[in-house]
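Given next are the chains, with one letter for each unit.
2 protein chains.
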Amino acid sequence: MASLEFWYDLASTYSYLAATRIRPLAEAAKVTVRFRPFLLGPIFKSQGWDTSPFNLYEAKGRHMWRDLERECERLGLPFRRPNPFPQNSLFAARVAMAGLEQGWGEDFTVAAFRAEFGDGRSIDELTLTAVLTGMKIDPKAALAAAHSDSNKAALRAQTEEAQRRGIFGAPTFVTEDGELFWGNDRLERAIEWAAR
Amino acid sequence: MASLEFWYDLASTYSYLAATRIRPLAEAAKVTVRFRPFLLGPIFKSQGWDTSPFNLYEAKGRHMWRDLERECERLGLPFRRPNPFPQNSLFAARVAMAGLEQGWGEDFTVAAFRAEFGDGRSIDELTLTAVLTGMKIDPKAALAAAHSDSNKAALRAQTEEAQRRGIFGAPTFVTEDGELFWGNDRLERAIEWAAR
Chain B
24 MASLEFWYDL
34 ASTYSYLAAT
44 RIRPLAEAAK
54 VTVRFRPFLL
64 GPIFKSQGWD
74 TSPFNLYEAK
84 GRHMWRDLER
94 ECERLGLPFR
104 RPNPFPQNSL
114 FAARVAMAGL
124 EQGWGEDFTV
134 AAFRAEFGDG
144 RSIDELTLTA
154 VLTGMKIDPK
164 AALAAAHSDS
174 NKAALRAQTE
184 EAQRRGIFGA
194 PTFVTEDGEL
204 FWGNDRLERA
214 IEWAAR
Chain S
24 MASLEFWYDL
34 ASTYSYLAAT
44 RIRPLAEAAK
54 VTVRFRPFLL
64 GPIFKSQGWD
74 TSPFNLYEAK
84 GRHMWRDLER
94 ECERLGLPFR
104 RPNPFPQNSL
114 FAARVAMAGL
124 EQGWGEDFTV
134 AAFRAEFGDG
144 RSIDELTLTA
154 VLTGMKIDPK
164 AALAAAHSDS
174 NKAALRAQTE
184 EAQRRGIFGA
194 PTFVTEDGEL
204 FWGNDRLERA
214 IEWAAR
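Order-wise, the sequence lines are chains B and S. The first sequence runs 24 to 219 under our numbering. The second sequence runs 24 to 219 under our numbering.
In isolation and in its complexed conformation, chain B is listed as follows:
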């Protein structure tokens, strides 16, 4: 079966849309998806940015929030802006990494995005514990796995790999033959490319 890598940061607005949409679309096209959480922060820093470009460039940020609101309405998804934006996504990314090792990382990713951008909640330990409990995952064991040295190292390595492979934003989709598609708007084309 063809496969597609889905690279996302848990603080990224358009990754919320992509995470929610990717599994049914890929399944319909018989494409396997590999969820790959990473951190945009270090990549933005290497470009000289200390926060999201949506905060650095006001007009761009204003458009993004309105566009996200319109897109959520079109897709029938709830939308509520978290405060502050961006959320610190380090902890959530570690939980996702651990969960992907254990088989519940995809559901966790979708649920965490939904809590953050559907309900406007902070993706902190309180929220993520509630998300895990809702999924019938033992939060204590999950958080211990997230905080393990090997899991932290795995997330660091994944972020370094993203940067090495030319990923500059999220969501990004990469096909087996190395085609890189950036943005939720390219999800359908990335899947088509992977399936052909």
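One should not assume that every hint holds.
[Claimed, not checked] Below 27 Å or equal to it, Euclidean Cα-Cα: the simulated BS3-like pairs (lysine-lysine) are: (1) S:Lys-68 with B:Lys-83; (2) B:Lys-83 with B:Lys-68; (3) S:Lys-175 with S:Lys-163; (4) S:Lys-68 with S:Lys-175; (5) S:Lys-68 with B:Lys-68; (6) B:Lys-83 with S:Lys-83; (7) B:Lys-175 with B:Lys-68; (8) B:Lys-68 with S:Lys-83; (9) B:Lys-175 with B:Lys-159; (10) B:Lys-175 with B:Lys-163; (11) S:Lys-68 with S:Lys-83; (12) S:Lys-175 with S:Lys-159.
[Said to hold, decoys possible] Computed beta-carbon distance windows for the label pairs: (13) B:Arg-104 with S:Glu-183: 22 to 32 Å; (14) B:Gly-201 with S:His-170: 44 to 54 Å; (15) B:Arg-104 with S:Ala-51: 27 to 37 Å; (16) B:Gly-201 with S:Leu-79: 18 to 28 Å; (17) B:Ser-26 with S:Arg-89: 16 to 26 Å; (18) B:Pro-47 with S:Asp-147: 46 to 56 Å; (19) B:Arg-188 with S:Ala-164: 46 to 56 Å; (20) B:Glu-184 with S:Arg-89: 11 to 21 Å; (21) S:Lys-163 with B:Gly-99: 54 to 64 Å.
[Unchecked claim] Residues on chain B that point at chain S, a partial pick, calculated with CB under 10 Å: (22) Ile-66; (23) Glu-81; (24) Lys-83; (25) Arg-89; (26) Gln-186; (27) Gly-192; (28) Leu-203.
Please keep in mind that the hints were generated in silico from the structure rather than gathered at the bench. All of these numbers come straight from a predicted model, not from anything done at the bench. Glycine is no exception: its CB is placed at the ideal position from the N, C-alpha and C atoms.
Once you have looked at the hints, place chain S on chain B.
For chain S alone, kept in the frame of chain B given last:
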């Protein structure tokens, strides 16, 4: 009839796609389009950029060129990268402004984009004279109109209006009720919004 403003810079890659696509799509939806050329340069400068973000951020630029190539193939449009990028679009924008006053500005816009990103030509006086001649427009009269003080002032005012209205990139579409849609990927949605 509903109407939609189409804001573009003649050096903007994705504006090539939008300019080529907008008239048939709008016509099918019974939406009138108003072509509004402007200059991104002063807007980029106010954000601290002295060139295109696709040049400032290498990975982002690499993706854009590959994405443009893929999109052109999908749309059946020719693609060739002009050198240098971005082209200085001041002169072409002035010709487009003059042409829009005289009724040939839309065809000129589409033809100039095609020369630039379909054939990879510089949008200089030589190329634009050939474009005008191909359209059976007298280049001498057209260039005189482009160089008139009133036309130069009109382009300056249009660029200032773009910035005042929160336009930060091109192409941008603005509906009568003030909804702003950025990017060729939002063309269909902007037309739907305008038509509703």
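Q.
Please list, smallest to largest, the hint numbers that this structure does not respect.
A. Those not satisfied: there are none.
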